[in-house]
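Asker: Read off the chains here:
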Amino acid sequence: MIRHDPLMLRVSRIESLSPTLRRIILKSADNEPLPVAGPGAHLSLTLASPKKVYRNSYSVVSFSGDHYELIVRRVEDSRGGSAFVHENLKEGDLLPSTVPLNLFPIQVGSRKRLLIGGGIGVTPLLSFAKVLQENGDRFEMHQFVREDEKAVFENLVQGVGSKNIHIHTRRPKEGEIQALLEEQPLGTSIYMCGPDGLMAAVDEAAETLGWPENHVHREVFGAAGGKPFKAKLAKSGCELEVGENQSLLEAIEEAGVPINSLCRGGACGACMTSLLEGDPEHRDHFLNNEEKDSGKLIMPCVSRAKSAQLVLDI
Amino acid sequence: MSKSRPTYSPLYLDKTGKRHLIVSDTAEIPAEALADGVTPDMFDERWTIAGHSKAIPGTERGAVADHEFRSMNHLLIALRRRLGEEKMGFRLYAVGAEGFLWEVRTAAVVVGMGGGEVQLNQVGSQARRVFCNHCRTITEGVTTNIVECAGCGANLFVRDHFSRRLNAFAGFQVDAEEPGDIPEIEEIYR
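Protein chains in written order, with the working numbering: chain A, -13 to 300; chain B, 23 to 212.
There's no promise every hint is true.
[Claimed, not checked] Below 30 Å or equal to it, Euclidean Cα-Cα: the simulated BS3-like pairs (lysine-lysine) are:
hint: 1; chain 1: A; residue 1: LYS149; chain 2: A; residue 2: LYS37
hint: 2; chain 1: A; residue 1: LYS149; chain 2: B; residue 2: LYS37
hint: 3; chain 1: A; residue 1: LYS216; chain 2: A; residue 2: LYS282
hint: 4; chain 1: A; residue 1: LYS98; chain 2: A; residue 2: LYS159
hint: 5; chain 1: A; residue 1: LYS292; chain 2: A; residue 2: LYS38
hint: 6; chain 1: A; residue 1: LYS213; chain 2: A; residue 2: LYS292
hint: 7; chain 1: A; residue 1: LYS116; chain 2: B; residue 2: LYS109
hint: 8; chain 1: A; residue 1: LYS159; chain 2: A; residue 2: LYS221
hint: 9; chain 1: A; residue 1: LYS38; chain 2: A; residue 2: LYS76
hint: 10; chain 1: A; residue 1: LYS98; chain 2: B; residue 2: LYS76
hint: 11; chain 1: A; residue 1: LYS149; chain 2: A; residue 2: LYS216
hint: 12; chain 1: A; residue 1: LYS98; chain 2: A; residue 2: LYS149
hint: 13; chain 1: A; residue 1: LYS159; chain 2: B; residue 2: LYS76
hint: 14; chain 1: A; residue 1: LYS282; chain 2: A; residue 2: LYS292
hint: 15; chain 1: A; residue 1: LYS38; chain 2: A; residue 2: LYS13
hint: 16; chain 1: B; residue 1: LYS25; chain 2: B; residue 2: LYS76
hint: 17; chain 1: B; residue 1: LYS109; chain 2: A; residue 2: LYS159
hint: 18; chain 1: B; residue 1: LYS40; chain 2: A; residue 2: LYS159
hint: 19; chain 1: A; residue 1: LYS76; chain 2: A; residue 2: LYS149
hint: 20; chain 1: B; residue 1: LYS25; chain 2: A; residue 2: LYS159
hint: 21; chain 1: A; residue 1: LYS37; chain 2: A; residue 2: LYS13
hint: 22; chain 1: A; residue 1: LYS149; chain 2: A; residue 2: LYS159
hint: 23; chain 1: A; residue 1: LYS159; chain 2: A; residue 2: LYS37
hint: 24; chain 1: A; residue 1: LYS213; chain 2: A; residue 2: LYS116
hint: 25; chain 1: B; residue 1: LYS37; chain 2: A; residue 2: LYS278
hint: 26; chain 1: A; residue 1: LYS98; chain 2: B; residue 2: LYS109
[Said to hold, decoys possible] Derived CB-CB ranges, DEER-like:
hint: 27; chain 1: A; residue 1: ASN275; chain 2: B; residue 2: ASP63; range: 32 to 38 Å
hint: 28; chain 1: A; residue 1: ARG124; chain 2: B; residue 2: ARG186; range: 22 to 28 Å
hint: 29; chain 1: A; residue 1: HIS(-10); chain 2: B; residue 2: HIS156; range: 44 to 50 Å
hint: 30; chain 1: B; residue 1: SER185; chain 2: A; residue 2: LYS149; range: 36 to 42 Å
hint: 31; chain 1: B; residue 1: ALA57; chain 2: A; residue 2: GLY51; range: 41 to 47 Å
Since the hints were derived computationally from the structure, they do not count as laboratory data. Glycine included, C-beta positions come from ideal geometry on N, C-alpha and C.
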């Protein structure tokens, strides 16, 4: 059976892994079989707090036929979604979700996969490592975490049962990423997920060493907030205030103006919108540099404004 | 022209790569295979097929920039071994007959190299390798529109359908409906 959004899920179990990490097990609320979530897939959950409705995307760490496993980090400057998961979500709660979507699939044809993660960026990489290990595919994983979270992350990767997973309790040293990439055999592909600084360092090393772009894959987090700004929606005739812990996309949705979205992390392009006026601060990975410089398009899920106001053609 | 038929263009030095090896099925790398302003000495290594028994290559990386091989198979064996040891950042270039190009390309795909890391350019003979759709024999060096299969003897019409996997053009029996009814044979792939 092909299932459509929204998918009704029930919180079957909540487990605290650390003060800021929770494992959430979601099962089908109506006992209908769940759609398959392949490695790299995510769910966009609708989180209805008393104050506000959040839509947050989380990587599916594992899918076992009757449940999805998520791991959610409580972020300091959270827009509210992850705080809600940590403070309010209870076992038994119902959560509407999209069907699993995958913008970060494992590509075929690689001889080796190099997985590089930072912090909670471990979640999609864990789903990769499990499948690669099961299939006997060659891979190597490097996960950078804070010293105080070493044990938590060691526990997480232990289940994979691979000797090729390395946990580093620090940031990469100068030249370390380059040295790692330098020794990779032909036919290696990189999959990374982590803080911008880490991913930029990997991008830079890969470019310096002559890796073709199509051998470097990334999953991006939804970027956090920034300075508040005004947004004017030309066609619908509304004016919005975009708060510092709110995305432009969320502000548009709150105003009841229809807009497409999928990954909510600047990767898929579903929410791309025409920009009529204003100076955008692009934070997405979808538009190319030319499109960004043109100032005519914006991805409201992550991008914000440098000017006081943006005027959108919706 | 069918879409499966590969198209080729003069080789340029891909400056995003860090190490560059060019292989040729001739003793000299033909200048016409290279783009304007590109010369063989711009590649880190040049592997060629001398076609005589005096060629004794040592293929240690970086030792000598020029290596001569006795035959295509001789070169391909060394190339496969080399690709197995190479690191990311490597670029491979091949010039020569189509059959040679796709042997090289297959060796690269086996180790996971992608489209952007390998460049091919056909020079010299346009003769085709033809795969018999009926008995699966490959007939080499075909220059005519219709050829007698080296395996089963069927009169094969040589199509523009090129299989990258088989490294050959598809051939099917032209007189299957009416045995002996064979169109005029012309030499068109010289």
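Asker: Could you run down the list of hints and mark each one as holding or not?
Answerer: Outcome of the hint check:
no., hint, in the structure
1, A:LYS149 x A:LYS37, "violated, 46 Å"
2, A:LYS149 x B:LYS37, "violated, 36 Å"
3, A:LYS216 x A:LYS282, "holds, 17 Å"
4, A:LYS98 x A:LYS159, "holds, 24 Å"
5, A:LYS292 x A:LYS38, "holds, 26 Å"
6, A:LYS213 x A:LYS292, "holds, 9 Å"
7, A:LYS116 x B:LYS109, "holds, 26 Å"
8, A:LYS159 x A:LYS221, "violated, 50 Å"
9, A:LYS38 x A:LYS76, "holds, 17 Å"
10, A:LYS98 x B:LYS76, "violated, 39 Å"
11, A:LYS149 x A:LYS216, "violated, 51 Å"
12, A:LYS98 x A:LYS149, "holds, 15 Å"
13, A:LYS159 x B:LYS76, "violated, 51 Å"
14, A:LYS282 x A:LYS292, "holds, 14 Å"
15, A:LYS38 x A:LYS13, "holds, 24 Å"
16, B:LYS25 x B:LYS76, "violated, 42 Å"
17, B:LYS109 x A:LYS159, "holds, 22 Å"
18, B:LYS40 x A:LYS159, "holds, 23 Å"
19, A:LYS76 x A:LYS149, "violated, 36 Å"
20, B:LYS25 x A:LYS159, "violated, 49 Å"
21, A:LYS37 x A:LYS13, "holds, 26 Å"
22, A:LYS149 x A:LYS159, "holds, 22 Å"
23, A:LYS159 x A:LYS37, "violated, 43 Å"
24, A:LYS213 x A:LYS116, "violated, 40 Å"
25, B:LYS37 x A:LYS278, "holds, 26 Å"
26, A:LYS98 x B:LYS109, "holds, 12 Å"
27, A:ASN275 x B:ASP63: 32 to 38 Å, "holds, 34 Å"
28, A:ARG124 x B:ARG186: 22 to 28 Å, "holds, 24 Å"
29, A:HIS(-10) x B:HIS156: 44 to 50 Å, "holds, 48 Å"
30, B:SER185 x A:LYS149: 36 to 42 Å, "holds, 40 Å"
31, B:ALA57 x A:GLY51: 41 to 47 Å, "violated, 54 Å"
Hint compliance for this structure: hints 1, 2, 8, 10, 11, 13, 16, 19, 20, 23, 24, 31 are not met, and every other hint is.
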